[in-house]
Amino acid sequence: MENGIIRVGLIGAGANTRLRHIPGLREQEGVEIVAVANRSRASGEAIASEYEIPTVYDNWLELMESDEIDAVCVGTWPYMHRTLVLAALENDKHVLTEARMAMDAQEAHEMLDASRLFPHLVTQIVPAPQTLQVDQTVQEIIASGQLGQLLALKLRVSDGHGRADRSDTFMNTEGPLHWRQNRLLSGYNIMGMGIWYEALMRYVGPATKVMAMTRVFTNQRKDDNGVLQGVTIPDHVNVLAEFASGVQADLSWSTITGLQTGSELWIFGSEGTIKLEGPPFDKVLIGKPGDKELKEHPIADDKRGKWQVEGDFIDAIRGTKPVTHTPFDVGVQYMEFTEAVTRSAQTGQAVYLPL
Amino acid sequence: MASANTSDGIRLGLIGAGKNTRDRHIPGFLKVDGLEIAAVANRSRASSQAVADQFNISGVYDNWQELLEDPSIDAVCIGTWPYMHRTLTLAALEAGKHVLCEARMATSALEAQEMLDASRERPDLISQIVPSPLTFKIDRLLQGKIAEGYIGDIIGVSVQSLGNAFMDQGGPMHWRNDRDLSGFNILNMGIWYEAMIRWVGRATKVTAMTKITVNTRKDESGESVDINIPDHVGIIAELANGAMANMQFSAVTGLSSGNGVWIYGSEGTLHVDGAQNVYGGRRGNDKLAEIENPEEGRAYWRVEEEFCSAIRGQEKITRTPFEVGLHYMEFTEAVTRSAQTGQTVALPL
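If you read the sequences in order, they're chains A and B. When we follow the working numbering, the leftmost residue of the first sequence carries the number 1, and every step to the right adds one. When we follow the working numbering, the leftmost residue of the second sequence carries the number 1, and every step to the right adds one.
The shape of chain A in the complex, shown without the other chains (with noise of 0.2 Å):
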């Protein structure tokens, strides 16, 4: 840090990082993005002339041997995060990286680790966003008691990652082979399951137990150079879960569920049920014993959490907040998570957590 500036390099700069992260980094006082080192020089050099961001970079390498960088942004697809956070710690840079957090549970406390050994620097990873709005409702209604003792939970996400048209929620045979779809750039991570599950554990904590199905019923799609490559990612996953909290749950994803464009989640309780639908998830819908139907439960505009990642981030290196969403402690427990429901698939077994 000079003069209380912090320099920020960008290591991968695609869309999220173009979309969000970049604008909400110039928002911050005393923040200047001074680097960035994409997947080539010439993409690189794209996206400062775009962002008028003054140093481009070869390589990532490059980038972090630069003095003059205090903190860096990962915005690559998961294969990449395990050795850029890693190297970033080792050249003395605060680290924010994409989500999801690595590829398997393994890196994923590989990452925990690393961070343990620099205290003063600030690792922290883009928080799972759509239920922000939200979430301390949600918090303070189960907190507070009124649910009673915690049961059920059922979640059930239409998904649309890898789509390039999102309304058509039919089984597409024919899309080009997306990085969500390719196991070499996103390992474990599945569809969306990751960012709910995150979300759920806001709620009702990690689970103890998984045992889950999945199916690629796309087998093979068309690489960039057009070539079939066969699709080991499942697009459509089955999952059950004990939680610690005494919920059971059932929580299904799938990209192949036609004309279900919605998603949902309840969460059921002795004494009350909440259910959250969207996108957007804006509203919280609660019924208890004696009511006919769910009625909406009034979120005060202060309580609405809204996307503040880089925000955060700034607040964590200058030492005014520690990191909440999200610390890599919850990242390994999504990792965890993930990697149970591909190794229950497999085995036809529960998997236990932690791992």
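Be aware that a few hints might be false.
Below, computed lysine to aspartate or glutamate pairings styled on EDC-like, alpha-carbon distance capped at 16 Å [to be verified]:
id, chain 1, residue 1, chain 2, residue 2
1, B, K211, A, D291
2, A, K288, B, D168
3, B, K287, A, D168
4, B, K211, B, E148
5, A, K275, A, D291
Calculated directly from the structure, the hints in this document are not laboratory data.
Assemble chain B onto chain A, guided by the hints.
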């Protein structure tokens, strides 16, 4: 007296005359020409006598053994709870009587297998289980739509039957909560599964988690009894046709969205709501639209008529033969086995 033919009368005996027998089977049998409800054996002579008086049944037996020993009885309708189905079915077949057995078929897959085996030793006798009537209104519509290719290949199936009431800790004990009487049967899982396989066929792999939320209830004498039949069940399954299914059953999901079925295909989607309205949509549609379900095309309750026609050699049992019952009992047992062991269970067992 097993050889009733078209011209013969059928003399029927009732073993167990609970609610479904009185509300459905007796009125159903009374409509069948040439059938006489000739005898009844209920849990006690007194309760048998009450049923006999109400429905004008001439023969009252002290117990089921005596009823089965009566050579003038051609066929029996077993209306007991599941724990007696195997014993009574085997005894009835041995006594040379046709059998209509109340659902669920049995308490376990093994019992169901024994019943099927016994029925095959008596090809001259009709063996039938009371079918799941839940979805008669929509079965043919769904079967027809799927057969005509409306949804293409079936790829995903979702069935939910969630209660609307909140958890009722310490409530009264129902026979469905009593494992001694109900065996592996849980909630209304069996009848929904029997319905589901009419549309999309059988499961080949079952993974399940179950939960007992209300773990004590009061029995008839007011005493607390431990419960070991789950009141919340999550199931995921692979079907023989290549589809994936998930099913949820619960008695603790207050203000839930109730019952619903979704069948997802490569080209279309079918949805059944809690009132059994059917909606469908195909690729290119922007939403699901209600599909007309003309009354005259629907299946309906005719189990007593089917039983008697089968005895007279006029039709084969389709709702429901013992083979199908064995399959759903295997599914039912697989759910508990998977939940107990944390392992996926392959079917058939």
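Results of checking the hints against the structure:
{"no.": "1", "hint": "K211/B / D291/A", "result": "violated, 25 Å"}
{"no.": "2", "hint": "K288/A / D168/B", "result": "holds, 13 Å"}
{"no.": "3", "hint": "K287/B / D168/A", "result": "holds, 10 Å"}
{"no.": "4", "hint": "K211/B / E148/B", "result": "violated, 39 Å"}
{"no.": "5", "hint": "K275/A / D291/A", "result": "holds, 14 Å"}
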